[in-house]
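Keeping their order, the protein sequence lines are chains A and B.
One gets our numbering by counting positions in the first sequence from 1 and adding 14 to each.
One gets our numbering by counting positions in the second sequence from 1 and adding 14 to each.
Bear in mind the hints are in silico, worked out from the structure with no lab data behind them.
As the structure is a prediction and not an experimental result, all values here were calculated from the model.
One or more hints might be untrue.
Claimed, not checked - With a Cα cut of at most 20 Å, we get these calculated SDA-like pairs of lysine to any residue: (1) A/K189 to A/R201; (2) B/K300 to B/E359; (3) B/K60 to B/R31; (4) B/K300 to A/K189; (5) B/K300 to A/R288; (6) A/K300 to B/M252; (7) B/K300 to B/R353; (8) B/K316 to B/R340; (9) B/K300 to A/N403; (10) B/K316 to A/V294; (11) A/K300 to B/K316; (12) A/K300 to B/R190; (13) A/K300 to B/L293; (14) A/K316 to B/I191; (15) B/K60 to B/I191; (16) A/K316 to B/M252; (17) B/K60 to B/V108.
2 protein chains.
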Amino acid sequence: MPCNASSADRLMIDAARLSQSIQDFGRIGALPNGGVCRLALTDTEKAGRDELVRRMQGLGLTVHIDTIGNIFGTRAGQDANAGTIMIGSHIDTVSTGGLYDGTLGVLAGLEVIAALNDAHLETRRAITVAAFTNEEGARFQPDMLGSLVFVGGMPLQDALDTLAADGTRLGTELKRIGYAGSDDGPRNIVAYFELHIEQGPVLEAETVQIGVVSGVQGISWHEITVHGRSAHAGTTPMALRSDAGLAASLIVQRAYEMTQAIGSDQLMTTGTMRLTPDLVNVVAEKAVFTVDLRNPSGAALKQADVSLLQIAEDVAAETGTRVTCRPLARFDPIIFDQRLVESVEKTAQSLGYSTRHLHSGAGHDAQMIARIAPAAMIFVPSAGGISHNIREFTSPDDLARGTTVLAQLVSGQAGLMKE
Amino acid sequence: MPCNASSADRLMIDAARLSQSIQDFGRIGALPNGGVCRLALTDTEKAGRDELVRRMQGLGLTVHIDTIGNIFGTRAGQDANAGTIMIGSHIDTVSTGGLYDGTLGVLAGLEVIAALNDAHLETRRAITVAAFTNEEGARFQPDMLGSLVFVGGMPLQDALDTLAADGTRLGTELKRIGYAGSDDGPRNIVAYFELHIEQGPVLEAETVQIGVVSGVQGISWHEITVHGRSAHAGTTPMALRSDAGLAASLIVQRAYEMTQAIGSDQLMTTGTMRLTPDLVNVVAEKAVFTVDLRNPSGAALKQADVSLLQIAEDVAAETGTRVTCRPLARFDPIIFDQRLVESVEKTAQSLGYSTRHLHSGAGHDAQMIARIAPAAMIFVPSAGGISHNIREFTSPDDLARGTTVLAQLVSGQAGLMKE
């Protein structure tokens, strides 16, 4: 059949079908006011899994479920020894989640498959669409559990023995919903791509269409306790106080100044603070607060950690208080495969889309797969930067652009066999 | 009887009897681990009132109860038209109070009377020992209610209709315990003295024996609410945030700097702070905190109020947040009678005691009486600055020194009639 040069190079996705696919999938676990609740391994999420498997089979994919419940749908390539190109993400959500976080990456993968099917195109390598178990960590901790087990980062038995807050065992739930598979999942992954909403406001604010994700930033959580001395707010001179509340605010202020000095890559958040005894006219004897530090550079994050603890000690000395710091979480940054990241950028630009490099602020399955295979991510804008929220929204045009980039990357990597 | 010059000038108090008097009185409402609970107009406080009246009568005082339950015990002077010198404070306590706050001032007054009786000395003016109703404000608000009504600062009916948190009516309780008097109380007050523990750490820290109280500082309480925008701590760049938690800490830090710039008379306390949603990895959408400002200068306090609100607005503008400020309480400062304050200082120094001028950080009945008569206060050290606490403690030597100063002042003002 005759075709022009540009369409010959481009696998054409169906934007309307993609949008409909996402809307339809959003009915599974739909909340009354919008958004969805598909907590991992619940009956609702099982319904989502069943629908996903049904769709995979409808597209002719061979479905495998591995021992931690990850779902893999594979379209065979012409060369059985050339490995597979994997497109992955997750379909579980937080308890008041949106339609796009995770789900987009999986359903965009199915759209790529559908587009290949429509065009009767074969590829040299296989293509696998993957949905990983318990990415959100909303029901079972840690998050990204399915992909972590898949790459060998957590023993299977430990994962199965994980308990939810209500005492439910992960392995028991997995069996109950019928997704305790026996497979290992595909092993020869040549490249992994994950299309995801940004979950932040940068792309929208800069009116950029495609985010080229350089990596996932490192995370360091600290809980800081300031020990002061309770005192009468009216009778205790400032110079004789040991004010835990004041010290806490001074630490936050200086940590913020440090953050500004490091530059825009450094994030710092104090989301919790509690004073004791919590009375208007009593100097606080104790303050407990958290500092969430993030940076795409491991060295910079380590330096921010050190500086924060130094700031806390300095403020304690100046205010006559004492501080104790407890690390709550620490994840080193991930740098995605440079060649793949470059190909994301070039592909998007060749399609005429505006691009921007950024680091993922949140964790994603891609960072686990990056341990065993070249991985990269594509971000599309999140309206208002809102995520983990029923108001999560990405426009159909943005969904289509991201999926088009994904389709070109995957078909390119898989090796399109022209007719 | 022969006596030397110095003892002739000095009314000798009995330090051991004073200490014993305070210890004995502390048994009324004693708590298991020390301290006392004599909340105003309870059965326990009635027991304290009964004991006080019994002691007053034992010392030959004429007892009057006024319409708000203030107790006045008067020792007549030789000149019935020369007015009275009043020694006052209160015997009610907070729920976990100490033995000294308030009670010292009343029992020291009785010790002065006892010393005059022992020495068979008469005075030209009458001397009245007063115990005012509901000074603490722990059961009924406002605090200093009895002295406020006594000076005409609150209509009697309003005071009687005051409800406790449990709905109990003050007037009903007063009648129930038998202290709804019909008297007006003494009207021709020539001078008012109140001996009180400092309730702060200054005297102890500076090893000063007698605090010469210049006045009661003004108090201004603000509740500040910062309205920001909840956001993902990992995906929202610092520049695009509207971080209520950060803004709150910046306001506290700058309010503290302002306080330091004003000088040591200015106090500032943030004793409460709450962030919403109070999660480690979510930028706070709301912060609510209080700022307690105190200054002995009304003009300085007013300026601090204005500066605080300006700081809040500035920080809001810089952080992209919005602030609302709500005044919670506002009391203008009181300056005590200059002549009486000087006489407190001179008397203490003539006794060989070290002195220091200071402002009262807490409210006292003296500030109400100051509206209708010359008033002054004497402070003695509080161990560790601790008050409103079962660990409240002032050494017997300090109690004796303060009471000795009180005795000289009162006998001097009342006009000792030498035999």
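Inset, instruction - Could you tell me which of the hints above the structure violates, numbers in ascending order? - result: Violated hints: 1, 2, 3, 4, 6, 7, 11, 12 and 14; rest satisfied.
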